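Colleague: So you can see what is in the structure, the chains are spelled out below.
2 protein chains.
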Amino acid sequence: MNFCSVCGSASIVRKIPNGDHFERYCCEVCGQIHYQNPNIIVGTLSVWQNKVLLAKRAIEPRKGLWNLPCGFLENGETVEEGARRETYEETAAFVEIKRLHTVYNLPHARQVYMIFLADMQHEKMSETSESSEVRLFTKEEIPWSEIAFSSTAFALKKYFENPDFPGVHIGTYWPKN
Amino acid sequence: MNFCSVCGSASIVRKIPNGDHFERYCCEVCGQIHYQNPNIIVGTLSVWQNKVLLAKRAIEPRKGLWNLPCGFLENGETVEEGARRETYEETAAFVEIKRLHTVYNLPHARQVYMIFLADMQHEKMSETSESSEVRLFTKEEIPWSEIAFSSTAFALKKYFENPDFPGVHIGTYWPKN
Ligand SMILES: [Zn+2]
Ligand SMILES: [Zn+2]
Chain A
1 MNFCSVCGSA SIVRKIPNGD HFERYCCEVC GQIHYQNPNI IVGTLSVWQN KVLLAKRAIE
61 PRKGLWNLPC GFLENGETVE EGARRETYEE TAAFVEIKRL HTVYNLPHAR QVYMIFLADM
121 QHEKMSETSE SSEVRLFTKE EIPWSEIAFS STAFALKKYF ENPDFPGVHI GTYWPKN
Chain B
1 MNFCSVCGSA SIVRKIPNGD HFERYCCEVC GQIHYQNPNI IVGTLSVWQN KVLLAKRAIE
61 PRKGLWNLPC GFLENGETVE EGARRETYEE TAAFVEIKRL HTVYNLPHAR QVYMIFLADM
121 QHEKMSETSE SSEVRLFTKE EIPWSEIAFS STAFALKKYF ENPDFPGVHI GTYWPKN
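Chains A and B, in that order, are what the protein sequence lines are. Note that the working numbering gives residue 74 to position 74 of the first sequence, counting from 1, and the numbers run on in steps of one. Note that the working numbering gives residue 101 to position 101 of the second sequence, counting from 1, and the numbers run on in steps of one.
The reader is advised that the hints may include incorrect statements.
Chain copies aren't distinguished; within one or between two, either way the pair holds.
[Stated by the list, open to error] Pairs of lysine to aspartate or glutamate, EDC-like flavour, derived with a Cα cap of 20 Å:
1) K158 / E23
2) K51 / E140
3) K124 / D164
4) K15 / E77
5) K63 / D20
6) K15 / E74
7) K139 / D20
8) K15 / E60
9) K176 / E77
10) K158 / E133
11) K157 / E141
12) K15 / E28
13) K51 / D164
14) K63 / E146
No lab work stands behind these hints: they were computed from the structure. Computed from a predicted structure; not experimentally measured.
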């Protein structure tokens, strides 16, 4: 942050505001405190006849690798709506959310994944502008060495270990030093 | 947003960037896209001997009303760490996270609550700069008409209906017209 988005001033300093516990970008001209907080990524682990829906990424990062359909939650939508929307945008599949399956922290990337277990409503799916290929995988077919992100690998592993687990799996990716 | 935080230009327009599906604040000078996304609020439903820990808010909004200890997730922390930290900041209680209990959407406020079931590690607690009073309530003692937010009311109701439910309760607040 180089300039204050409220007043345009370049007098931005990092400091702990009164009554706060964390450093923020603070404008010394208009007094605005510019908070920055983690983002939510919503997606689905969508199932059709015991097979799981994966999308091959058509865009960076991790282009060409397989992922659960997911993306940033948008203002004004619920987490379930966002998960359904992202699944449709990436795979053209309509899904019905069953329950929250995985919460996955990426503290260094300032992201929290929320992945929902979902049922595909029919077998219709297709590649999209965001996915070069879309297909269903049995447990044995999962391309473990070509999974795009640790969040997806974690959710798939937990799902296949125990598909009927009623709770939520919580995981965290800590970067290796 | 009046000015670009990257280049300081006032030429900020709302438009849908190429390949995107949503309007964003876009800088016409440097090309920066300024994304704005919902925030995560983390907190706990902390239990000691079948009683639940509530804090009376010492600050606006809803000053003087009772709430589960909670607050914004910060960059670099996991949701469990954030929930423990907020509980300590608001009630001086040390708690152990057991599992995710409630996810609560506030689409109009661009917030998603994540409330964890937790055990208090001992009975120590006290008022803080954020809470004018901190105490434990039995089910019968809960001051339903003095609860600060619908997220807290939802989580408490679900908890007392079925304390041992193993899944996650998902709720949404839709503003009345
Ligand atoms: Zn300013
Ligand atoms: Zn700019």
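Colleague: Could you place K15 and E74 in one of the four classes (within, between, both, neither) given a Cα distance threshold of 20 Å?
Modeller: Intra 29 Å, inter 15 Å, cutoff 20 Å: inter-copy only.
Colleague: Between the shortest in-copy and the shortest cross-copy C-alpha distance, which are at most 20 Å for K124 and D164: within, between, both, or neither?
Modeller: Answer is neither: 25 Å inside a copy and 38 Å across each miss the 20 Å cutoff.
Colleague: If the cutoff is 20 Å on CA atoms, where do K157 and E141 land: within, between, both or neither? Let me know, please.
Modeller: within (13 Å within a copy, 43 Å between copies)
Colleague: For K51 vs D164, is the C-alpha pair at or below 20 Å within one copy, between two copies, both, or neither?
Modeller: within (14 Å within a copy, 31 Å between copies)
Colleague: Could you place K15 and E60 in one of the four classes (within, between, both, neither) given a Cα distance threshold of 20 Å?
Modeller: neither (34 Å within a copy, 22 Å between copies)
Colleague: Should K158 paired with E133 be assigned to within, between, both, or neither, using CA atoms and 20 Å as the limit?
Modeller: Close neither inside one copy (24 Å) nor across copies (41 Å); limit 20 Å.
Colleague: First find the shortest C-alpha distance between K63 and D20 inside one copy, then the shortest across copies, and answer within, between, both or neither for a cut-off of 20 Å.
Modeller: This pair counts as between: shortest inter-copy Cα distance 17 Å, intra-copy 40 Å.
Colleague: How would you classify K15 and E77 at a CA-CA limit of 20 Å: within, between, both, or neither?
Modeller: Answer is between: at 19 Å across copies they meet the 20 Å cutoff, but 32 Å inside does not.
Colleague: Can you give me the call for K158 and E23, within, between, both or neither, at a CA distance of at most 20 Å?
Modeller: Answer is neither: 37 Å inside a copy and 36 Å across each miss the 20 Å cutoff.
Colleague: Checking an output row: K139 and D20, CA cutoff 20 Å. Within, between, both or neither?
Modeller: neither (48 Å within a copy, 33 Å between copies)
Colleague: Should K51 paired with E140 be assigned to within, between, both, or neither, using CA atoms and 20 Å as the limit?
Modeller: within (10 Å within a copy, 47 Å between copies)
Colleague: With identical chains treated as interchangeable, where does the CA-CA distance between K176 and E77 reach 20 Å or less: within a copy, between copies, both, or neither?
Modeller: between (34 Å within a copy, 16 Å between copies)
Hints 1, 3, 7, 8, 10, counting from the list given before, are not met by this structure.
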